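Participant: Going down the list, the protein sequences come from chains G and H. Just so we're aligned, residue 210 is where the first sequence starts under this note's numbering, counting upward by one. Just so we're aligned, residue 16 is where the second sequence starts under this note's numbering, counting upward by one.
No wet-lab data here; the hints were simulated from the structure. Computed from a predicted model, the values in this text were never measured in an experiment. Heads up, a few of these hints could be off.
Unchecked claim - Here are the computed distance ranges between Cβ atoms for each label pair:
no., chain 1, residue 1, chain 2, residue 2, range
1, H, Arg50, G, Gly297, 39 to 45 angstroms
2, H, Lys104, G, Met285, 22 to 28 angstroms
3, H, Glu92, G, Ala615, 43 to 49 angstroms
4, G, Glu249, H, Thr126, 51 to 57 angstroms
5, G, His696, H, Ser56, 36 to 42 angstroms
6, H, Asn112, G, Gly1000, 30 to 36 angstroms
As the list claims (entries may be wrong) - Below 30 angstroms or equal to it, Euclidean Cα-Cα: the simulated DSS-like pairs (lysine-lysine) are:
no., chain 1, residue 1, chain 2, residue 2
7, G, Lys266, G, Lys532
8, G, Lys266, H, Lys36
9, G, Lys266, H, Lys85
10, G, Lys294, H, Lys85
11, H, Lys36, H, Lys85
12, G, Lys266, H, Lys104
Using N, Cα and C, we set each Cβ at its ideal position, and we do this for glycine too.
Single-letter residue listing:
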Amino acid sequence: MRWYRRFFRRRRAETQLDAELCFHLDQQIADYVAAGMTPEEARRRARLEFGGLDQVKEECRDVGAARFVESLAQDMRQGLRMLRKNPGFTVVAVLTLALGIGANTAIFSVIDAALLRPLPYDRAEQLVNISTLHLNGNGMVISPDFKAWQEQSGIFESVGAFTLGFNSYSRGANLTGVGEPARVEAINITPGFFRVLGVQPILGRSFSEAEGQPGHNQVALLSSAVWRREFGGDRSVLNKTIHLDGMPFTVVGIMPAGLLYPPGDLWVPEVLDASNSLPQSADWRMLYVIGRLNPGVSLAKARADLEVLTHRLDAQFSPGRRKARSRWHVEIIPLRQLLAGDVGQLLLILLVAVGFVLLIACANLANLLLARAAARGKEVAVRAALGASRFRLVRQFLAESVLLAALGGGLGSVVGLWAERAMKQLIPPQLPADVSLDPRILAFVIGASACAVILFGLIPALSASRVDVNEGLKEGGARAGLGRGAHRLRGLLVVAETALALVLLTGAGLLARSLMRLTEVDLGFDPHHLLLADVWLPVTLIDEPQRQANFFQEALERLGALPGVETAAATTHYPVSVFNALTTGVLISGGPAPESGQAISIAGVSPDYFRALGIRLREGRFFNSQDAASARKVVILNESAMRRVFVGRDLVGHEISLYGTKGPWREVVGVIADTRNYTLEREPWPEIYLPYQQEPSLFMTLVLRSKGDPMGLAAGLRRAVASVDPNEPVSGIETMDDVVQKLVVPRRFKLVLLGSFALLALALGAIGLYGVISYAVTERTHEIGVRVALGAERSDVLKLVIGQGFKLSLMGVGLGIAGALTLTRYLSSLLYGVKPTDPFTLVAVSLILVAVALLASYVPARRAARVDPMVALRHE
Amino acid sequence: MITGEQRSDFLKGTLDMLILKVVALGPIHGYALARRIQQISRDVFQLQQGSLYPALHRLEDRGWLRAEWKATDTGREAKFYALTTLGRKQLESELVNWERLTEAVALILRTAG
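Isolated chain G, as found in the complex (with noise of 0.2 angstroms):
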């Protein structure tokens, strides 16, 4: 404590230095005189024989110093020594606040990645995302208001767009000329929509604005990624012609890796002309669009700007398309949030889980420290009484609790650098995944943390401190030392806790409910055995219906005869996937309109589709090899579409039309079961089904319904194709099982990171209740002692401890499902088929976390119990 008086009343203990040596050299020269000196000869004697007065001064002060840094070093040693001493205590302090800090550094470093981080792009800041949201919640633009957004000039530097597909078709193309025939994602870019982003292309150049113009349309910039894996990353690829469905490209450039933006494997520009860019022209243009603001625009006034301008063009509109327009609004958002999707809500979900894993940490830890300053009240009664001020019993506690920071944090970075690969998963695959442990966060959650253990280590040290020197060593024992205020603190941190794991096991309950759930989901068809692969035709077959129709069937005849095949069949759309057509359209010949506006489902098929993938016939009949392409045009619906579309109506022998009162009529000649052909979350959408033959594709997913394994059918698969046509890739090879294990897989994950957090919530809980509990009862073995003598039971001795850990069970049991009530409902997005309050749920995670209360209380009831009274009423 000296040396910060002397610190602050540095002045003052300067003079008073310099008198007192003064006063030396003074009385020093009296004597001299007294002995028979001259003042001169008395003055100088003196002043040699005391030697430098100024290295005597400067030695003086720099004890105050030398003693800090002395008593420093010593805390901290004798804080080591502690803590070895301890060791169940150290591991689990440690352990405790290491999985705190590194869950929360990956948690952090995760959502810098995904959320905070600024896209690598030039000025990425100014990068916006243009949609306009039509009444089906469409977000896509049509030619004609792109066109009117690249002529203004106010709002964006700069305006690029592209279409899913190449040339607006087809999903991509056919990429051959070069080794085996490939399909890659072929995507129509405006010309300047690379310099919109800012990105130049390693080799080569951007496309030019002429390149725009119909007849100089044939090249194409391919994306670093297809470089490599389809041309050996070869530069003299620049300049080559390449083929995509057939149609020749020249390569003009490379694009950098790490694109994030457009998607696709390769670019070709789009031509946006008359012919369906103007309000009047017959086929639009379907856009998705970026643009670059101008430097100060903000994005409420870009889009207020915008909404003006498109709304200006509804007059040149027919008059049907101009009521529809008048509802539309245009939406920007930074390009930033497109691409990182709804990845945010899952992330601060986490982030509140990791919180309160932490919290639940630094209570812990509070809780540890606080026994220990009850269990070493002695020793620091011993220690006033000796003379320790209490700052220099404080800065010892402070000290142990530095160390402990440090070392969980040391472990904590581990743990962090750890967690984080395992968490990597978590950033959409769009966003750079270069996540590192970066050291800013690392540094903030270990300051954080060191902060809350130093705070909670404070605690303790300072009512310790303020211990009654008397009263502690009279009571002797080492039961001296905290009073009636810190035991509450210890049963409030513990129920505290308790709510909080409530919380976090009931968000993992329903996360496990969903995901059950899931899996109990009746899909419909038989998942297994199947082996499935997606077949493009070339965009130059799109007005040659019969061609496309004679490929597949003659490619399914192939397949069929292959060994292991038990049935090959055709799909343009399969269960659980993506529609790939639908129709508000509907009409039944002679009956009243269905319900309208209800979207469905229109799937071309094979005759042995439905016995391929195991799906049961309800109704009529399936299709067979009869309903060809010049036979009566039939349909098959499933049970959703008959019962939410046609209400119900048996239309089997009834003929529907697909696409209002032009027709064609089709006869209706089977219902099939419902599938889950919609993702596995959704109920059953309704889907009608066609020969194949009758309303041909240019793209269909082949499957097979194998004997064996079905993924040993992929190699005669990719044969059987290519006999057919060499020219023609498969893509997309993958069996049944796989694609709907995909779909839980997120889910799992989503489980098992929030499901971790919640046990080791429950752990650290259980491990506070016992702390507080065998405290407890060490301190009251006296009592227990006499309760035994005076012929208590052991089952009351038993009861008696059980129920303080129950009692204060109960209270965070209680506490922690008003929590969760409050907060599961933000889960309730990544729920399935389960409420953010379902009772079943709360009752399960209450009923373990008391069963794990009493457990944890039950090991130091037992000892209780066990008192023998002689020895514990000497236990004084």
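Dock chain H against the given chain G, drawing on the hints supplied.
Facilitator: Structure of chain H alone, referenced to chain G:
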């Protein structure tokens, strides 16, 4: 074995012990302390003022000595040092150590001689 650094520690410890012992007799200021040590040791210890004052400040900082400004016989203010409880304990333990050490040294000198 007493090596370089330890020797200075050893001497410093001896000086501390002497100071504590003398101060134990009653509150005393630095000059008088120096004189007293010199006198008692019959001038064997030529105490360097250069080491006396840092030692006093060090002992005060450790809480073994307590300082107070008081008037001397001549009426002038001087800084008087007195022993604290901690200082007394320290002195006791150092005396025990010292006796053990000197006994051991004496034993060695006797038997080895």
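Participant: Tell me, in ascending order, the numbers of any earlier hints that this structure violates.
Facilitator: 1, 5, 6, 7 and 10
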